[in-house]
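S.K.: Sequence:
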Amino acid sequence: PCPADAVPFRNVQCALYNNRPLPGSSEQAYNWVPFNGAPNSCVLNCLAVGYNFHYTFGRVLDGTSCGAESVGTCISGNCLTAGCDGVLGSEMTFDSCGNCVGKKDSCIFIWNVFRDPYPSTGFFQYKNVTRIPAGAFNIKVKDLSRNILALMSLSKGFEINGNWAMSRPGVYSVAGTEVHYGLNGSLEFLEAPGPTNEDLYILVLFQVQNQGIEYEYWLPKDKYFSTQRETQTPQPRKNSALNAWVRTPTSSGEGTTAQKREDCQKCIPFKEKTQKKRHFCQSDYVIRGKIVGRRKIGQETRYDIHVKHVFKNKFPLDHLEFIWVSNQCDCPKLEDNKEYIMMPSRHVNHEHTLNRILLSPNSYVRTWSQHEDQQMQRLNRLCRLSS
Numbered sequence: 001p002c003p004a005d006a007v008p009f010r011n012v013q014c015a016l017y018n019n020r021p022l023p024g025s026s027e028q029a030y031n032w033v034p035f036n037g038a039p040n041s042c043v044l045n046c047l048a049v050g051y052n053f054h055y056t057f058g059r060v061l062d063g064t065s066c067g068a069e070s071v072g073t074c075i076s077g078n079c080l081t082a083g084c085d086g087v088l089g090s091e092m093t094f095d096s097c098g099n100c101v102g103k104k105d106s107c108i109f110i111w112n113v114f115r116d117p118y119p120s121t122g123f124f125q126y127k128n129v130t131r132i133p134a135g136a137f138n139i140k141v142k143d144l145s146r147n148i149l150a151l152m153s154l155s156k157g158f159e160i161n162g163n164w165a166m167s168r169p170g171v172y173s174v175a176g177t178e179v180h181y182g183l184n185g186s187l188e189f190l191e192a193p194g195p196t197n198e199d200l201y202i203l204v205l206f207q208v209q210n211q212g213i214e215y216e217y218w219l220p221k222d223k224y225f226s227t228q229r230e231t232q233t234p235q236p237r238k239n240s241a242l243n244a245w246v247r248t249p250t251s252s253g254e255g256t257t258a259q260k261r262e263d264c265q266k267c268i269p270f271k272e273k274t275q276k277k278r279h280f281c282q283s284d285y286v287i288r289g290k291i292v293g294r295r296k297i298g299q300e301t302r303y304d305i306h307v308k309h310v311f312k313n314k315f316p317l318d319h320l321e322f323i324w325v326s327n328q329c330d331c332p333k334l335e336d337n338k339e340y341i342m343m344p345s346r347h348v349n350h351e352h353t354l355n356r357i358l359l360s361p362n363s364y365v366r367t368w369s370q371h372e373d374q375q376m377q378r379l380n381r382l383c384r385l386s387s
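Quick note, the sequence shown lines up with residues 1 to 387 if you use the UniProt record's numbering.
It is worth saying that the hints were derived from the structure and are not from the lab. Any given hint could turn out to be false.
Derived DSBU-like pairs (lysine-lysine); straight-line CA-CA distance at most 30 Å [stated by the list, open to error]:
#, residue 1, residue 2
1, LYS277, LYS314
2, LYS223, LYS156
3, LYS338, LYS314
4, LYS223, LYS127
5, LYS127, LYS140
6, LYS296, LYS223
7, LYS223, LYS276
Using the sequences and the accompanying hints, generate a full structural model.
M.R.: Structure (structure tokens):
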């Protein structure tokens, strides 16, 4: 990296034209500094010092930063950012476990809603919500009431909203990561990318009835199983919020194979002409995905899907997802390394502790083709017009 007192590279490039007449002109020469108001950050726009005009000297040199607020780099006049693999222009991203182009199978997703009631008697004080163990990624905590969230670290104690004092919204350096604390109307939230290097504690200072404090995070498998033998929080309490739902992505390799029912028949074909538009408009997701892995788990099949294009999604999707086929006959049947157009649904159980993406025997599934792709785009427009 350049020394802290080095002249910025864009300034150096503008200065190359100092005391020289403009191209095609023999008139007055000027001194130049960068002009940052132009729309294309990878073009060398320079402002004439002492004059109210700027001039474009073509593209900036390769390796020039796209701007003070950008992490991109200019290459051949284009602003490129590096993926997690370090390659400029790459779209590779970290998965929820912090692995580059991973399959989310090295960590565990933990989600819960803290529902302890507003205390009816006694001295009102901070109440424990949960402990988030060291090593956690993608931490999110949110509350929609006038109660006050607080954050403690194991080493320093209160970090945010401690000692009966409100902290300002902003970014705080806590446990080796940046914690974003914010207020947006009635929403109060804490978010941190992780990984954390020590345990964090979420607390609440009750002001009104508890509407539910939702929290989630991802934890490496080894960290999760080691914490199960430890006490979750340093103070006793009733109605523990520690029985969080855990979604455990299984490791690679063959799982327990369920015996197929002998009476399984051929999968029922989809009635395309009469049902395609209705399925598209009513589906939670419509995606183009490639099958990159599968695993039999009990009487279900879990497919690892590389999501290549999203035509419609009512809920967020990652570029790598698990899609479940929860029937013994494994309908619809999907083949490894093939691409499909799929219309799965989101399934949340009654307790709101299980959240999965499902394909049923009646779900729309077709091998991807250019014609099928165009059909999906047309249906997307039709559904939007009719909504």
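S.K.: Please go over all the hints and tell whether each is borne out by the structure.
M.R.: Outcome of the hint check:
no.	hint	result
1	LYS277 / LYS314	17 Å, holds
2	LYS223 / LYS156	22 Å, holds
3	LYS338 / LYS314	25 Å, holds
4	LYS223 / LYS127	25 Å, holds
5	LYS127 / LYS140	18 Å, holds
6	LYS296 / LYS223	26 Å, holds
7	LYS223 / LYS276	45 Å, violated
The structure shown violates just one earlier hint, number 7.
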